[in-house]
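Residue numbers for the sequence shown follow this note's numbering, so the first one is 1 and each next one is one higher.
Just so you know, these hints were derived from the structure itself, not from any lab.
All C-beta atoms in this analysis are idealised placements derived from N, C-alpha and C, irrespective of residue type, glycine included.
Please note: incorrect hints may appear among the correct ones.
Said to hold, decoys possible - Derived Cβ-Cβ restraints for the label pairs, each shown as a range:
id, residue 1, residue 2, range
1, K101, E356, 37 to 45 Å
2, S383, S26, 43 to 51 Å
3, T178, K101, 20 to 28 Å
4, S277, L28, 58 to 66 Å
5, G519, D195, 43 to 51 Å
Unchecked claim - Only pairs whose alpha carbons sit at most 30 Å apart, straight line, appear in this in silico DSS-like list of lysine-lysine:
id, residue 1, residue 2
6, K590, K635
7, K259, K275
8, K174, K209
9, K44, K112
10, K316, K429
11, K112, K51
12, K518, K429
13, K282, K631
14, K160, K518
15, K633, K209
16, K94, K11
17, K51, K94
18, K518, K497
19, K631, K160
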Amino acid sequence: TQRLSWNQFNKVQSHTFLWEGLDGSSILTHFPPADTYNSMADVKEVLYNVKNYKDHDNSNHSYLLYGYGDGGGGPTKGMIEQIARMKDVDGLPKVEYRAPKDFFKLLEDDIKDPVRWVGELYFELHRATYTTQALTKKNNRASEFLLHDIEFLGALANLKGAGYPKDEVDWMWKTVLTNQFHDIIPGSSITEVYDDAARDYSAVLEKGKELRAGAISGGFSPDAAGENLLVINTTSFEREEVAELPEGMPSVQTSACGKPLGIVSAPAYGTAVIKPSDKVAKRVKMSADADGFEFENEYIVARLNQGGQLTSLFSKEAGREALAPGAVGNQFVMFEDQPTNWEAWDVDIFHLDTREALPGAYAFEVIEEGPFRVAVAFDHKISETSSINQVVRLSATGKALEFITKVEWHDEAQKFLKVEFPWDVRSSKATYEVQFGHLQRPTHFNTSWDYAQFEVCAHKWADLSEYGFGVSLLNDCKYGHSTHGNVMRISLLRAPKNPDPVADLGTHRFNYAVMPHKGSLQEAGLISEGYRFNQPLLLEKTSAAVGKQSFFSVDSPQVVIDTVKKAEDSDEIIVRMYESFGAQANVSLKVGLPVSGAVEVNLLERETGKVDVKDGAVALHFTPFQLRTLKIKVK
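When you get a sec, could you build the whole thing from the sequences and use the hints?
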């Protein structure tokens, strides 16, 4: 890439270096020093490419990308003629054509004592792309998790002879990946692109739900007339939680939409058949007074005022208050959002100076009163045409207070909506989930490198912790975050007018949650909570006998089984895992199926080594954040 040459405040001080990732592995990296992917391949740019190269002391080679790259078109005949004329000319660098593979082989042999950059290469521009076009981002998240479930359940159904919908799954993945193109998923395309994307995602989600239902039917034979309950868990963690049950199941409470509620459980990547009961093993309670509402279960006590704002969040496990003294959380805030350039792409740091706190809710209604779940709905006004309807709820089993949110976002222009939580926690760094791991970023503006990270990206969660205590924010489709001092924010919606003049305008539904915790985020189970918040348990009626089975599990929460799927080229099972704490781990992968052998493979499912299987278990060692994949042959 050459984009980091665009950084607003800090320039990377090397063009050729080793980039070391979360897991300690490194890759030879080169930033073409012409600082463009649209070089005209003329004498001026060739000279600049060499003059600007920052690694002459240890490297004799650099790369020039030429041709019309932005918008396509590639090289012209004139560019090719210019390069031909520059070959072996006095006063010009030696110029030769090389394919990327050849160039990197030459560079690897030539480089001496390369610089090593450890960790994130943060791009100091285009930070608004974490938020713009919220529906596309939500659909992407939902599609990924739905495909994850289809692959796991479909692989099990295939083992039982029900077949596997390979063509449909391939089509769905290719559609989802197409919409991850760098001007679609960031939100930087025109209106028609997002009309197409919405249509594509709708087809994927509709077909995906059909395939998931088919896989459940083929693998587990649910029975609509059955009196027992089949609970399917598609995550790496054993789970117990409050869920909405199928119609007709016995319960002492119904949800706000009239469905029976109950506490259900299931093992990791497995199923449980349970007999529904109207007994209350765990409960949550709610009380109300003139100041607002109090929710309490065995983990937390939360107080909300009548405006829907959080006035207290007490962790019973840690024995301390999470909210900063005198502050309120779940505060919606609006910012003027007029970046210097590229509306859909950018948000500039000066937007923080325009913060306006929105008033609390003007109306509320108690909609669930326990014992399994309590909930209050709040209505907020943003403007004459925009509003927020939010249900704040706590379940009997929940470690997190949940915010189920619907926003009518209309006629807004160059506005940025966020929600903020000021915590009674002091830390110089906050932690954010990224793919297959997490990393830390500053909560202060000490240096220009800190200053640049005023808006950052994260996946399912962000966490602010000091020794022994912390608070986490979870989400089901948001990516823009910030932590300044003790204030954490989630970026919710934007309203840029270029290149899509109706970007984000419409109806939005999204959820987030707050979880105070004792100890570190690893000790608190935040990683599993992030998966739980995004992947609901699947429930079906069944006539099967009571019992449970885990098909794939590990004996340590350090290692997450991220994916279980049918192999691309056989009926074997692919199990992909990663170490999630950032520490070495010895774990045992237990397979609850008859296994005849296993090998380790790379991400292309090509064999890289043998592993031993003993009594259906594989002993594995992981280094911090290591990603490992096994291919397992089932008898």
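Structure versus earlier hints - violations, ascending order: Per hint list: 1, 13, 14 and 18 violated.
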